[in-house]
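*Asks:* Residue strings, one per chain:
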Amino acid sequence: MRIHRVLLILLLISAVAASAAAQDQVVAIKAGKVLPVSGEPIDKGVILIKGGKIAGIGPNVTIPEGATVIDAASGVAMPGLVDARGVRPIRGELNEQSDEMTPAFHVSLAIDPKSKLLKHNLQSGVTTLYVSPGGENIISGLGAVLKPVGKTATEMIVKDDAALHITMGSDSTYGNDIPWNSPPTNFYYRRPGTTMAVAWMLRKSFFDAQKYAEAHKQPNPAMEVLVTALKGGIPIRMAARRAIDIRTAFRIADEYGLKIILDECTEGYKVPELIASKQTTVVLGPFYYYPHTFNQYSEGRECNWNNAGILAKAGVKVVLSCGADPDAADLLTVATFAVRHGMPADLAIKAITVTPAELLGVADRVGTLAEGKDADILILSGEPLASTSRVQRVLVNGRTVYQAEQ
Amino acid sequence: MKFRSSMALRVAGFQPAIRRRDAFDTWACLLLCALLALVVPPCLAYGGPVRKKIAIQAGRIIPITGAEIKDGTILIDDGIVKAIGKQNDVTVPWDAFVIEAKDKVIMPGFVLAHTSDGLDTPNENLPEVPFLSTFDSIDPPSPFYEDSLRDGVVAMLVLPGNYTLLGGTGTVVTPHGRTVEDMLVKRYVGLKISLAPIQSTSRMGHMQRFRRYMDDLKEYREKYDQRKKDAEKDKKPFDEEFDPRKQSMVDLLDGKLKAFIYCAVAADVPKAIEIIETYKLQAVLVLSPDCYKAAPLIAEKKLPVILDPQLVVWHTNEEKNEEEMKVVPQIFNRAGVKFALQTDTSSYGRRYLWYQAATAVKHGMNRDEALKSITLYPAQFIGIDDRFGSIEKDKEANLIFLTGDPLDAQTWVDKVMRAGEIVYEKDKDERLKKLLEKPREKPEHENTD
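Sequences listed follow chains A and B, in order. The numbering used here applies: residue 1 is where the first sequence begins, and numbers increase by one. The numbering used here applies: residue 1 is where the second sequence begins, and numbers increase by one.
All the pointers check out, no bait thrown in.
With the C-beta cut set under 8 Å, the calculated list includes, among others, these residues of chain A facing chain B:
hint: 1; residue: 290
hint: 2; residue: 310
hint: 3; residue: 341
hint: 4; residue: 388
What the hints contain is simulated information worked out from the structure, not anything from laboratory work. Nothing here was measured: the structure is a model prediction, and the numbers come from that model. We put the CB at the ideal spot given by N, CA and C, even for glycine.
When you get a sec, could you build the whole thing from the sequences and use the hints?
*Replies:* Laid out in structure tokens, this is it:
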């Protein structure tokens with residue numbers, strides 16, 4: 001028995017040592033072109049990685065002896081993509097049906113590290129993603145930023161409780177219709193049933209939170225979250241598609257002095273000046289040619305393919321995302337088509353790397369290639385916005401986590 | 001002079017009662033006629049359908065069947081390509097209308113080998129309806145056709161949906177025109193057979209139903225022939241009509257129609273092959289993404305295939321606990337199967353044939369071969385390669401003018417030419433402008449969001 005235990009301990013120690021060695025491993029990427037996003041492109045650049053962080057980047061970086069060299073002479077290296085409204089690696093239901101207000105629900109508690117979606121997503125180049133709770137409650141809870149590698153949710157999470165989610169419009173009224181001929185005591189007879197009620201309930205929650213902050217009775221986790229949000233301690237993300245919902249979102253935000261981030265924003269092109277005047281960042285997506293036919297935009301019938309371009313031109317900070325929809329196009333395709341429809345190419349690249357990283361508050365670690373940043377690197381076969389470029393290799397924290405077959 | 005003018009009027013059917021003081025009016029009238037004769041025909045030609053002789057001077061021509069031509073000329077007469085070559089090698093006739101397209105890339109318009117979009121209901125709810133035709137269901141104002149033209153498609157085979165055993169016959173149309181008759185390229189093309197079990201039936205029952213139909217058909221045909229023979233023997237008149245509801249299946253068996261067989265899973269492919277071999281059919285396989293697993297079998301049988309719009313699928317490798325990306329065109333290309341690509345509008349990119357081809361190229365497919373899979377191969381599969389699919393002498397001038405390389409995502413279709421007639425111009429595409437430009441400022445009371 002004792003021998004067994006000793007062996008086990010020895011094994012454990014060696015495993016830890018091995019993983020530490022992997023962390024200390026020096027990797028050098030020689031790329032035909034490096035796009036650091038934070039600076040000018042570097043032809044024939046070298047990226048040096050030590051301990052999972054970028055230790056050097058430039059055209060004349062000396063590669064130390066013993067370093068593992070990744071030769072990508074014909075490839076383009078760029079920062080791993082950041083999806084500010086990524087796919088949801090969650091098993092089971094996304095939406096809590098028992099209540100419309102669940103501000104203290106943490107999506108991080110529902111993350112499934114074995115999720116297939118996450119693995120598919122990683123192969124399209126996404127190395128950091130924001131996971132939001134479902135969108136069918138008015139206040140649905142707190143989202144988390146994570147990297148798609150790791151055995152447990154704790155290992156994966158970069159930043160927990162990264163933002164509080166609110167959904168405007170009529171999504172939260174779905175399923176609240178009273179079944180035909182049933183009395184109002186029926187289980188289904190719940191608020192909200194209209195967009196008016198959505199706005200009213202949202203208002204009331206923040207009103208209650210204000211009162212709660214003043215009175216401070218017994219602790220109430222939901223109220224604590226709302227109070228923190230009221231004080232600006234946690235970013236608020238409001239999903240609003242139609243222009244009318246965008247206006248309502250701003251109206252309520254102004255009443256309580258909230259600073260918000262707009263998600264989806266399908267009809268943002270109708271009110272670009274309003275959004276610009278509020279200095280609000282928008283997270284666009286999912287993108288479809290005819291959104292209403294794909295149940296993404298059931299209340300609206302109009303869209304503009306150049307939503308991103310029009311908003312960017314008005315001075316709005318635009319983030320492109322896959323919109324938490326696993327069937328939507330991948331981020332590089334989304335950016336490619338944003339440019340096709342009228343968005344400047346440099347802004348489109350930023351909109352899938354550094355801008356979302358800043359929005360999520362993780363720009364000190366990801367989103368650009370610079371010394372000291374996490375070595376989350378994407379190697380492509382050509383220019384990122386070319387339809388014939390392919391993701392050849394993905395590194396997360398300096399380790400190759402995906403390599404395309406040759 | 002006076003005499004001549006009155007003669008002219010008499011010829012034109014006027015009364016010859018001309019007095020001296022009317023001479024001026026007569027002259028004015030004649031002058032007007034002459035002016036009209038000079039001015040009107042060119043005006044008509046401008047707005048009218050076809051200029052007879054056209055010379056396109058292009059920066060780059062991708063003929064598909066030959067090498068690319070830089071600075072080339074295409075000569076068109078009455079909608080037919082008469083010459084294609086380097087600018088110095090082709091003499092432009094003095095009376096040809098010249099289209100300058102030095103900054104454009106010209107290639108044959110795209111061909112879509114299989115679609116059920118643009119039909120009101122693609123699947124009939126009875127399983128055996130081979131006598132139906134999509135010709136009766138095509139809805140010309142459907143946005144699908146408008147979009148297809150905008151995206152550079154010049155011909156498409158509209159077939160019944162994937163979920164009817166014997167769905168009916170298809171129609172090849174061009175996505176331009178006010179009526180189906182206007183759009184028509186070829187009628188009665190291909191018969192759709194689906195191996196996907198419908199409603200609650202099992203695959204066993206589905207196949208059994210098919211075999212029973214074929215047996216019944218054989219029996220009916222033999223008996224009919226016998227009756228005909230007997231009548232001839234007895235020298236009696238024979239006026240019994242062959243059941244028109246069975247005619248398309250007979251044409252299929254006689255090789256006059258091609259079978260388009262839909263396989264919903266890879267396991268349907270061997271069954272499709274069994275059907276093809278048993279009944280000696282000419283066939284094209286319409287495949288679901290799962291059918292990549294049957295690629296070697298399809299390659300062995302040298303069958304032409306139409307791939308699903310979804311080109312990338314995932315396979316869970318249970319042993320390695322890995323998610324493997326399967327690129328369908330790459331697998332078929334490596335197996336040596338000739339295929340045509342399809343489109344849908346489910347997500348960004350997939351709606352364009354060029355994007356589908358770019359996806360294949362991205363994963364290692366030869367560029368020329370990928371371009372063929374959206375032009376020449378689909379044209380061959382649906383039997384219109386004598387008119388569509390490449391720019392060649394004596395073929396119809398079905399061309400697209402592109403603003404850049406066809407596989408570049410920043411390239412747009414600038415013009416579409418159908419048999420020598422320009423049928424689409426991006427500059428005049430108001431709907432596209434509305435989709436890309438900021439909406440105009442509306443007065444407050446009009447703004448309804």
